[in-house]
Amino acid sequence: MTDPLPLHCAEVLDLLTELLEDALSATDRLLVEAHLAGCEDCRIRREQLRVTIELIGRAGRRVL
Amino acid sequence: MDSRTRAGEQVLLAALRAGDQDAYRELVDRYDAGLRRVARGHLPPAAAEEAVGETWASVVRSIDRFEGRSSVKTWIYRILLNTLRTAAGREGRVVPFSALGSAHDAETASGAPVEDTYRGPGWLGATPSRWDDMPHEELEREELLDMILEAVDMLPPAQREVVELRDLQGFSAAEAAEVLGITAVNQRVLLHRGRVAVRRLLEEYLSHD
Ligand SMILES: [Zn+2]
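These protein sequences, in sequence, are chains A and B. First residue of the first sequence? That's 20 in the working numbering, and the numbers climb one at a time after it. First residue of the second sequence? That's 283 in the working numbering, and the numbers climb one at a time after it.
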């Protein structure tokens with residue numbers, strides 16, 4: 020049996036922007052990355068957030 | 283700002299102070315559309331246009347007093363935010379600016395719909411759908427980008443301001459916090475909530491295709 024993942028998915032979600040902004044402490048970053056390594060759903064959510072950010076940027080470049 | 287950008291700003295500032303019309307035109311070309319978007323988030327269209335006009339007039343009037351402690355861009359946006367506050371006060375509107383209401387907005391005013399996005403189906407409740415294999419053309423669709431703009435416009439005001447500046451207009455975290463007069467932490471909280479809310483609307487939209 021593998022070790023349980025650090026953090027709950029909900030906690031990881033709350034930290035995704037901080038992860039992308041490089042605003043996490045070294046410890047939190049390790050915990051979040053360890054969770055992501057073992058949780059496909061959270062990796063998909065991180066990707067969704069990344070796509071969302073990219074699309075907002077594209078929409079902005081089209082109107083500015 | 284790196285040293286080259288800083289040098290560029292010095293050249294620009296000198297030209298503006300000398301009354302160089304081309305330098306002003308360049309400034310307007312660069313920032314007017316973004317200023318208009320922010321203004322329209324706070325005022326009806328005609329009043330928003332007026333506020334942007336007032337902002338440019340203030341820029342011309344006060345360029346000699348600008349000390350260069352911030353970038354020209356953040357300085358202009360701060361003038362706009364101050365102008366909008368004054369204009370909103372004149373119109374007797376509730377003033378929803380981050381600088382005034384951010385702590386509140388970050389904690390409570392974002393309300394149930396935004397909270398729901400954390401726990402709702404497709405985010406935490408169900409298995410999220412993959413977006414990384416979406417065809418490239420899908421992401422380029424005009425309709426999709428229009429929907430994104432609408433989603434940003436629908437955010438609670440303080441979230442909207444931060445998402446508008448950061449993700450839509452490409453401000454850095456420090457620039458957005460400075461323009462809005464909020465802390466780095468608050469900036470991130472509002473940004474995250476706004477992004478999550480847009481993500482949810484995007485998911486709804488994509489699931490209807
Ligand atoms: Zn997870």
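If you are wondering where the hints come from, they were derived from the structure by calculation, not from laboratory data. Beta carbons: idealized from backbone N, C-alpha and C, even for Gly. Worth double-checking, as some hints may not be accurate.
Stated by the list, open to error - Covered stretches of chain A, going by a simulated chain B footprint (3 or more residues, C-beta under 8 Å): (1) 25–37; (2) 42–53; (3) 56–69.
As the list claims (entries may be wrong) - FRET-style restraints, in silico, Cβ to Cβ: (4) Asp33(A) - Met416(B): 36 to 46 Å; (5) Tyr306(B) - Pro25(A): 47 to 57 Å; (6) Ala53(A) - Arg299(B): 52 to 62 Å; (7) Ala56(A) - Ser340(B): 48 to 58 Å.
Claimed, not checked - Covered stretches of chain B (in silico footprint by chain A; criterion: 3 or more residues with CB under 8 Å from a CB of chain A, positions within the stretch not fixed): (8) 296–303; (9) 326–333; (10) 405–414.
Checklist line | Violations among the numbered hints | finding: 2, 4, 8, 9
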